[in-house]
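Engineer: Here are the chains, one letter per residue:
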Amino acid sequence: MSAEPGPPLPQPITSVKSPFRMDYTYVAGAGRSVFLRGLAERKLLARRCPGCSQVYLPPPEFCSRCLTELEAPFELDGRGTIATFCVVSFPFPGQTIEAPYVVAHIHHHGADTRLMHLIGDVAPDEVRIGMEVEPVWVGEDQLTTSMTSIRHYRPTGVAIGSESTRA
Amino acid sequence: MRDIAVVSFAQSPCVAANRRDDMAGFLLPVIRDAVQQAGIDRDQIDFFASGSHDFFEGRTFAYIESLDAVGAWPPISESHVEMDAAWAFHEAWAWLQLGQGDIALVYGIGRGSLPRDLDQVLPAQLDPYYLAPLRPHRHALAGLQARALLDAGRTSEQQLAEVVSRSLAAAVANPAAQKSGAFSVAELMAAPYVASPLREHDVAPCGDAAAVVVLAAGDTARRLADRPAWVRAIDHRMDTHYPGSRDLTRAESARIAGARAAELAGFAGYDVDVAELHVQYSHQEMILADALGLTGALINLSGGPLAGNPMTATGLIRIGEAAAQILDGRAGRTLAHATNGPALQQNLVCLMSTDPA
Chain P
181 MSAEPGPPLP
191 QPITSVKSPF
201 RMDYTYVAGA
211 GRSVFLRGLA
221 ERKLLARRCP
231 GCSQVYLPPP
241 EFCSRCLTEL
251 EAPFELDGRG
261 TIATFCVVSF
271 PFPGQTIEAP
281 YVVAHIHHHG
291 ADTRLMHLIG
301 DVAPDEVRIG
311 MEVEPVWVGE
321 DQLTTSMTSI
331 RHYRPTGVAI
341 GSESTRA
Chain G
40 MRDIAVVSFA
50 QSPCVAANRR
60 DDMAGFLLPV
70 IRDAVQQAGI
80 DRDQIDFFAS
90 GSHDFFEGRT
100 FAYIESLDAV
110 GAWPPISESH
120 VEMDAAWAFH
130 EAWAWLQLGQ
140 GDIALVYGIG
150 RGSLPRDLDQ
160 VLPAQLDPYY
170 LAPLRPHRHA
180 LAGLQARALL
190 DAGRTSEQQL
200 AEVVSRSLAA
210 AVANPAAQKS
220 GAFSVAELMA
230 APYVASPLRE
240 HDVAPCGDAA
250 AVVVLAAGDT
260 ARRLADRPAW
270 VRAIDHRMDT
280 HYPGSRDLTR
290 AESARIAGAR
300 AAELAGFAGY
310 DVDVAELHVQ
320 YSHQEMILAD
330 ALGLTGALIN
340 LSGGPLAGNP
350 MTATGLIRIG
360 EAAAQILDGR
370 AGRTLAHATN
380 GPALQQNLVC
390 LMSTDPA
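So the sequences go chain by chain: P and G. The first sequence lines up with residues 181 to 347 when you count with my numbering. The second sequence lines up with residues 40 to 396 when you count with my numbering.
These aren't lab readings, by the way, just hints derived from the structure by calculation. Any given hint might turn out to be false.
Stated by the list, open to error - In silico DMTMM-like links for lysine to aspartate or glutamate, alpha-carbon gap of 20 angstroms or less:
{"id": "1", "chain 1": "P", "residue 1": "Lys197", "chain 2": "G", "residue 2": "Asp166"}
{"id": "2", "chain 1": "P", "residue 1": "Lys197", "chain 2": "G", "residue 2": "Asp158"}
{"id": "3", "chain 1": "P", "residue 1": "Lys223", "chain 2": "P", "residue 2": "Glu320"}
{"id": "4", "chain 1": "P", "residue 1": "Lys223", "chain 2": "P", "residue 2": "Glu314"}
{"id": "5", "chain 1": "P", "residue 1": "Lys223", "chain 2": "P", "residue 2": "Glu255"}
{"id": "6", "chain 1": "P", "residue 1": "Lys223", "chain 2": "P", "residue 2": "Asp292"}
The structure presented is a predicted model; accordingly, all values stated were derived computationally and were not measured.
Using the sequences and the hints given, assemble the complete structure.
Structural biologist: Dropping the structure here:
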């Protein structure tokens with residue numbers, strides 16, 4: 181016995197348009213503001229914890245291990261070694277750089293934390309852990325309170341060798 | 040059941056906008072205060088639970104930044120709720136009930152000042168098919184609720200003004216209050232409407248603050264506080280998401296939470312000396328007082344949320360204030376209420392006492 185075909189199903193509604201837009205005020209905080217203002221002046225400002233001596237770059241307002249206010253900011257010369265890196269080879273929505281490109285954790289000389297940024301002026305397959313790099317700052321008219329004040333880091337040509345990771 | 044008590048409470052002053060501090064900078068002094076009051080070192084804290092909401096920060100996993108104020112190295116045991124921190128308090132209480140530790144710290148962060156326009160943000164909490172596309176004004180649903188309450192003859196605009204007048208006068212003694220002062224009922228009733236029948240002062244003023252509550256179990260609680268505020272019961276319930284299918288003049292989920300808490304505690308709303316109610320609007324005090332049977336309690340001696348409303352910390356502050364009444368020896372039994380969602384959709388009730396059982 182075959183089932184009688186019923187009335188056709190109604191066409192389902194598959195989407196409802198309800199676009200949200202939300203605007204926010206960003207509060208960088210006292211500590212982060214010091215670092216961001218430094219970037220607008222081509223300065224990498226670090227701060228040391230008086231309790232455990234850890235040097236933060238970028239520095240917050242206080243040590244996240246000791247909860248102690250960090251000491252006064254001081255400038256690093258910007259050079260550091262590549263602690264680890266990856267090569268981004270695929271495109272994704274919102275990407276502003278053409279793949280392939282290199283993203284690295286940079287261990288600045290004199291700092292105990294690592295800063296993430298791009299590596300440029302070198303072929304991705306030549307990048308190595310331990311390679312010494314330095315910042316390439318944007319032009320005077322593009323300097324601002326943002327990480328974008330550094331276009332990327334580039335090799336200094338000095339081979340440091342494999343970096344020992346901190347315990 | 041283990042005996043668990045609040046042993047300390049601290050909060051930062053409610054301000055319209057804090058533009059100096061990031062989340063960690065904002066929270067650290069409050070944690071220090073609460074931990075110092077309890078006389079403990081942070082190494083002794085077994086569990087951390089917090090509440091805040093990314094929609095107030097405009098970033099995903101925004102609360103992670105606050106962990107820098109907790110001291111998350113070496114790694115700690117912690118959890119977060121994406122809602123009012125009163126629910127983080129509930130989680131911490133349950134965690135202590137499981138017997139895995141003796142001390143828990145709960146914090147709430149309210150940063151209502153960061154959205155440039157709450158009308159852009161608050162519709163996101165509504166039903167996405169029928170309500171959110173309409174983008175109701177931030178006070179529209181509360182206006183409907185207040186109007187229904189007036190129409191049912193359960194309150195009057197004069198009574199709303201009386202609630203506000205009493206709350207803001209009480210807030211004069213609260214150093215954390217954002218709004219306070221002596222305002223006559225006549226003066227308040229002369230103000231213009233923002234969502235008739237509600238006026239600006241009927242609305243809890245959204246702003247920034249952080250709050251911290253320390254909980255401890257059994258003999259640890261007795262050691263850390265002279266008069267621990269024993270949590271005799273805590274329960275929470277939620278109503279349907281669509282306000283149109285509720286009787287907005289009643290808070291059925293608050294009533295059930297209150298009744299269940301009373302069963303567990305052995306005393307009810309009509310037995311408490313003091314109640315701290317999470318009223319987002321003045322008219323909600325009548326709805327909650329009815330639902331919780333608060334016939335004899337003094338309500339919102341701190342001024343309540345009408346004096347300061349750091350959203351997602353406001354509910355935890357109610358628990359802290361109700362506990363402080365016991366910690367300071369001013370009350371024997373207190374009730375704290377917290378809410379989440381539009382027009383009292385979700386409700387939590389906590390009953391506390393000077394006696395552990």
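Engineer: Now tell me, hint by hint, if it's right for this structure.
Structural biologist: Hints and how they fare:
1. P/Lys197 x G/Asp166: Answer holds: P/Lys197 to G/Asp166 is near 13 angstroms, not above 20 angstroms.
2. P/Lys197 x G/Asp158: The hint holds at about 18 angstroms.
3. P/Lys223 x P/Glu320: Within the cut-off at roughly 13 angstroms; holds.
4. P/Lys223 x P/Glu314: Within the cut-off at roughly 12 angstroms; holds.
5. P/Lys223 x P/Glu255: 6 angstroms, holds
6. P/Lys223 x P/Asp292: Holds: P/Lys223 and P/Asp292 sit about 17 angstroms apart, inside 20 angstroms.
When held up to the earlier numbered hints, the structure conflicts with none and fits them all.
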